[in-house]
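**Student:** Please model the entire structure based on the sequences and the hints provided.
Line by line, the protein sequences give chains B and C.
Quick note: the first sequence uses UniProt numbering, first residue 1, plus one each step.
Quick note: the second sequence uses UniProt numbering, first residue 1, plus one each step.
Keep in mind that a hint or two might mislead.
Said to hold, decoys possible - With a straight-line Cα cutoff of 25 Å, these simulated BS3-like cross-link-like pairs (lysine-lysine) come out:
#	chain 1	residue 1	chain 2	residue 2
1	C	Lys307	C	Lys215
2	B	Lys17	B	Lys29
3	B	Lys463	B	Lys474
4	B	Lys469	C	Lys299
5	B	Lys474	C	Lys11
6	C	Lys307	B	Lys434
To be clear, the hints were calculated from the coordinates, so they are not data collected in a lab.
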Amino acid sequence: MVTRFPMSAEEFMNIVKEELNDSPDLIQKVFQIKGQSIIVQYIAYQIKKDRLERDLLEVITSSNNRWTNEDLINKIPISSTVQEEKMDKIIQQMIHGSVSIYIEGEKNVVLFALQNQNHRSLNRAETESLVFGPQVSFTESLITNLNVVRWRLDTEDLVVEKLIVGERIQSEVRIVYLKSLANNENVETMRQRIKDLKVAEVEDTSVLGQLIEDSSSTVFPQLIFTELPDRFCTSISRGRIGVMVDKSPTMLIGPMNLFSFFESTEDLYMRWNMGTFIRSLRFIAMALSIILTPMYVAALTFHYEIIPSTLLVSLGQSRATVPFPPVLEALLLEMLIELLREAGARLPTKVGQTMGIVGGIVLGQAAVEAGFTSNILIIIIALSALSSFTAPSYLMGTAIRLIRFPMILLAGAWGIIGIVFALSFLVIHLLKQKSLGRPYLSPIYPFQWNDFNDSFFRVPFPKNTGRSKYLMTKDQDRYSKAKASERKDVDPT
Amino acid sequence: MKTNIRLNPDKSVQAFYLFFIIHTSQIGAGLMGVPRILALEAGVDAWISVLIAGVYLHFIAYVMLSILKSYDNADILGIQCDLFGKWVGKTLGLVYVLYIFQLLLTVLKNYIEVVQVFVFPEMPIWLMALFLISLMVYSIVGGFRVVVGTSVIFFFLTIWLAFTIYKPITYMDLEHFLPVMQTSPWDVLKGAQQVTFSVLGLEILLFVYPYIQNKKEAALPVHLGVFFTTFLIMLVTVVSIGYFSPDQLKQTVWATLSLFKIISFSVLERFDFIAVALWMMVIIPNLVLFGWMIVHSLKRLFNFSEKPSLYTLAVLLFIISVIIEERIGLNELTNWTGRIGFWIVFIYPLFIYMVIILKKLLKKGQTS
Numbered sequence: 001m002v003t004r005f006p007m008s009a010e011e012f013m014n015i016v017k018e019e020l021n022d023s024p025d026l027i028q029k030v031f032q033i034k035g036q037s038i039i040v041q042y043i044a045y046q047i048k049k050d051r052l053e054r055d056l057l058e059v060i061t062s063s064n065n066r067w068t069n070e071d072l073i074n075k076i077p078i079s080s081t082v083q084e085e086k087m088d089k090i091i092q093q094m095i096h097g098s099v100s101i102y103i104e105g106e107k108n109v110v111l112f113a114l115q116n117q118n119h120r121s122l123n124r125a126e127t128e129s130l131v132f133g134p135q136v137s138f139t140e141s142l143i144t145n146l147n148v149v150r151w152r153l154d155t156e157d158l159v160v161e162k163l164i165v166g167e168r169i170q171s172e173v174r175i176v177y178l179k180s181l182a183n184n185e186n187v188e189t190m191r192q193r194i195k196d197l198k199v200a201e202v203e204d205t206s207v208l209g210q211l212i213e214d215s216s217s218t219v220f221p222q223l224i225f226t227e228l229p230d231r232f233c234t235s236i237s238r239g240r241i242g243v244m245v246d247k248s249p250t251m252l253i254g255p256m257n258l259f260s261f262f263e264s265t266e267d268l269y270m271r272w273n274m275g276t277f278i279r280s281l282r283f284i285a286m287a288l289s290i291i292l293t294p295m296y297v298a299a300l301t302f303h304y305e306i307i308p309s310t311l312l313v314s315l316g317q318s319r320a321t322v323p324f325p326p327v328l329e330a331l332l333l334e335m336l337i338e339l340l341r342e343a344g345a346r347l348p349t350k351v352g353q354t355m356g357i358v359g360g361i362v363l364g365q366a367a368v369e370a371g372f373t374s375n376i377l378i379i380i381i382a383l384s385a386l387s388s389f390t391a392p393s394y395l396m397g398t399a400i401r402l403i404r405f406p407m408i409l410l411a412g413a414w415g416i417i418g419i420v421f422a423l424s425f426l427v428i429h430l431l432k433q434k435s436l437g438r439p440y441l442s443p444i445y446p447f448q449w450n451d452f453n454d455s456f457f458r459v460p461f462p463k464n465t466g467r468s469k470y471l472m473t474k475d476q477d478r479y480s481k482a483k484a485s486e487r488k489d490v491d492p493t
Numbered sequence: 001m002k003t004n005i006r007l008n009p010d011k012s013v014q015a016f017y018l019f020f021i022i023h024t025s026q027i028g029a030g031l032m033g034v035p036r037i038l039a040l041e042a043g044v045d046a047w048i049s050v051l052i053a054g055v056y057l058h059f060i061a062y063v064m065l066s067i068l069k070s071y072d073n074a075d076i077l078g079i080q081c082d083l084f085g086k087w088v089g090k091t092l093g094l095v096y097v098l099y100i101f102q103l104l105l106t107v108l109k110n111y112i113e114v115v116q117v118f119v120f121p122e123m124p125i126w127l128m129a130l131f132l133i134s135l136m137v138y139s140i141v142g143g144f145r146v147v148v149g150t151s152v153i154f155f156f157l158t159i160w161l162a163f164t165i166y167k168p169i170t171y172m173d174l175e176h177f178l179p180v181m182q183t184s185p186w187d188v189l190k191g192a193q194q195v196t197f198s199v200l201g202l203e204i205l206l207f208v209y210p211y212i213q214n215k216k217e218a219a220l221p222v223h224l225g226v227f228f229t230t231f232l233i234m235l236v237t238v239v240s241i242g243y244f245s246p247d248q249l250k251q252t253v254w255a256t257l258s259l260f261k262i263i264s265f266s267v268l269e270r271f272d273f274i275a276v277a278l279w280m281m282v283i284i285p286n287l288v289l290f291g292w293m294i295v296h297s298l299k300r301l302f303n304f305s306e307k308p309s310l311y312t313l314a315v316l317l318f319i320i321s322v323i324i325e326e327r328i329g330l331n332e333l334t335n336w337t338g339r340i341g342f343w344i345v346f347i348y349p350l351f352i353y354m355v356i357i358l359k360k361l362l363k364k365g366q367t368s
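**Tutor:** Below, the structure written as structure tokens:
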């Protein structure tokens with residue numbers, strides 16, 4: 001629509017009303033001051049009303065002079081002011097929470113930003129809880145989140161780029177990285193992928209993540225989603241690139257390799273030996289979670305020989321009453337565990353706990369007594385379910401639980417050959433994955449011995465002077481090794 | 001066809017990957033049965049045969065590197081065309097392709113046979129072939145970097161199997177080695193020739209060389225790879241001779257795998273099941289590297305595009321591996337592959353090298 005200012009008060013008000021689809025919440029008020037018509041328009045619930053009245057209306061009505069746009073900008077104590085002459089921009093600003101003021105006869109409309117957003121305050125992290133270390137988690141408000149990130153990464157080096165995504169419903173997206181560290185190519189890849197998106201809307205960071213991922217056919221997540229500011233900021237300070245989306249409490253970090261999905265910032269807060277121990281525990285847990293149940297199925301279906309004779313006796317006893325083949329038995333129990341997990345996630349916390357007890361203990365006990373499953377399988381399934389929950393990334397844990405099902409089926413059909421085939425397939429599949437164009441299985445392939453520091457082990461900080469090579473940071477050193485080990489102790493021994 | 005290959009740097013890999021490439025393409029089906037084949041020829045002096053073969057391997061690796069160094073960035077296909085002209089060169093290239101196809105088939109069939117003997121007598125051949133070929137195709141489709149990655153990762157996933165040999169070592173009887181040098185030198189040499197089948201795969205150096213970034217450092221990883229191969233063959237041969245009695249060894253077809261039979265853990269009674277299944281991970285780099293060589297050579301020689309030729313290769317491999325059924329046929333095939341491989345891999349490079357030297361001398365003669 002081509003509209004030209006100046007126009008009359010009624011004309012302007014009618015156009016705005018029409019543009020906002022006769023919204024019942026549109027407030028339009030004309031002040032007659034010194035023979036001037038001043039039109040104030042806003043959407044009722046989008047602005048802070050007390051500030052409007054105190055800072056704006058009071059100043060306008062109490063003045064003795066005629067108002068001009070210049071006066072509005074200079075004399076009103078509100079800092080975010082814009083002059084607009086295009087109708088669609090005016091409407092857009094009003095929707096976002098601006099008050100528009102038009103003095104009849106002027107060529108522009110002045111807009112004051114007085115957004116009123118309701119959001120929860122900073123809370124403890126729920127999905128990725130830490131035992132110790134910072135407990136705060138991100139919220140849905142981009143402003144709050146940016147505030148937290150700025151507070152943690154207190155440096156002028158931090159770059160926050162703004163992009164708009166979505167053709168029908170627009171979302172604000174921020175790309176966050178350290179200018180002197182992050183690899184230009186990585187930043188360029190991330191920026192380009194977000195810019196090239198042609199979608200109607202982006203609901204959440206996790207949706208954006210799936211849209212910009214390297215491969216959407218794999219079960220493995222290629223970018224990390226986190227709700228922890230400390231994880232987000234630690235990743236950025238190592239040279240990774242973060243993405244924040246308005247209205248979403250999860251943040252996105254890339255590029256990642258497979259092993260960084262098993263890292264937790266807690267490993268850094270703990271002493272290095274404990275950190276290494278817990279990290280390796282997670283890797284072992286992952287391996288167990290994938291292998292254990294299929295091995296049981298393979299051994300009991302085809303290869304009785306590999307079970308030690310002492311164990312075989314008790315296994316045989318507990319399986320004697322089970323009428324199903326091991327595959328069916330295992331699938332049944334795996335399904336049970338998955339159901340328990342899903343039901344627990346959907347139910348309110350208090351009921352969820354009861355569910356866990358009823359489902360886990362009562363159902364498990366009854367299943368064994370009824371001759372549905374063997375005791376040993378219950379142990380194995382519980383162990384592998386427990387293991388899959390140790391992954392610090394929820395999505396990775398889910399991926400691991402998912403790949404167990406085809407493996408159980410293969411083990412049931414072709415025993416250990418089926419398992420090795422599935423594992424080989426998995427390894428080749430992982431080899432082919434990339435995260436922001438960087439190899440997913442680094443540091444194993446491409447082989448980087450130095451990067452084992454940050455992926456498999458957590459070496460003591462004075463020893464860990466280099467940065468991860470696969471991130472290709474501009475600065476390859478954290479600090480000098482000589483200075484880190486230098487001591488200025490009081491005791492000169 | 002151009003003699004030298006031009007690549008963009010994304011496709012090439014570091015020189016130290018040559019260690020993995022060479023080692024994993026050499027170790028494969030051959031290692032499973034090499035002690036018996038050696039024992040049949042050289043008796044208890046089989047280890048001397050391995051030693052001779054190892055030294056000769058290093059020599060051939062040196063010759064191959066020298067051939068490649070006399071060009072900028074060429075592989076054997078380009079060099080053949082440069083030396084013998086377009087038509088002879090392409091024909092020789094085709095011979096290479098056919099030979100690698102046969103090698104691929106032999107490896108595949110041997111492993112399927114092992115699975116049938118050790119784990120699943122009723123496992124249909126076509127199913128095993130389908131498993132292995134599908135993995136091969138899946139990896140090769142990813143391109144050269146994934147092919148090399150496969151060889152690296154599967155090396156790490158299986159190399160620990162070598163440590164389990166400590167158990168048979170404790171049961172070794174050193175008297176089995178006595179008397180030393182009892183076999184005639186001719187038999188020992190024949191034994192050395194029998195090692196051939198187990199170390200075929202060295203020729204991959206002649207194909208991957210253009211893909212190496214820092215070519216000056218290529219010699220060390222190549223020789224290390226060859227050394228490690230020789231070391232493993234030596235290890236299983238020595239342990240087999242010490243562990244089995246001479247007559248027993250001559251009847252144990254897959255002696256290396258039989259060594260695993262004695263290993264047991266408190267949670268795992270029969271380790272050989274696991275070992276034989278895991279051997280699939282030893283075989284996969286073989287298949288992938290050889291398959292890549294074929295596809296890559298066809299592209300170089302006749303400009304066939306890679307994916308169709310890969311799928312054709314997979315289908316052909318599948319059909320032929322299902323057709324050859326009996327153990328006799330497989331023995332025959334393995335013998336033939338060994339013999340042909342001996343000439344192509346261990347004698348032919350010498351010939352090429354001589355031609356190159358002659359050509360250089362001729363050029364010098366002309367210019368001066």
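**Student:** Given the hint that Lys307/C pairs with Lys215/C, does the C-alpha gap stay at or below 25 Å?
**Tutor:** Violated. Lys307/C to Lys215/C sits at ~29 Å, over the 25 Å cutoff.
**Student:** For the pair supplied as a hint, Lys469/B and Lys299/C, confirm whether the alpha-carbon distance does not exceed 25 Å.
**Tutor:** Violated - the C-alpha atoms of Lys299/C and Lys469/B are around 34 Å apart, more than 25 Å.
**Student:** Assess, step by step, whether the Cα of Lys17/B is no farther than 25 Å from the Cα of Lys29/B, and give holds or violated.
**Tutor:** 12 Å, holds
**Student:** For the pair supplied as a hint, Lys474/B and Lys11/C, confirm whether the alpha-carbon distance does not exceed 25 Å.
**Tutor:** 23 Å, holds
**Student:** With the threshold set at 25 Å, check whether the alpha-carbon distance from Lys463/B to Lys474/B stays at or below it.
**Tutor:** 20 Å, holds
**Student:** Given the hint that Lys307/C pairs with Lys434/B, does the C-alpha gap stay at or below 25 Å?
**Tutor:** 21 Å, holds
Going down the numbered hints, you'll see the structure goes against 1, 4, while the others check out.
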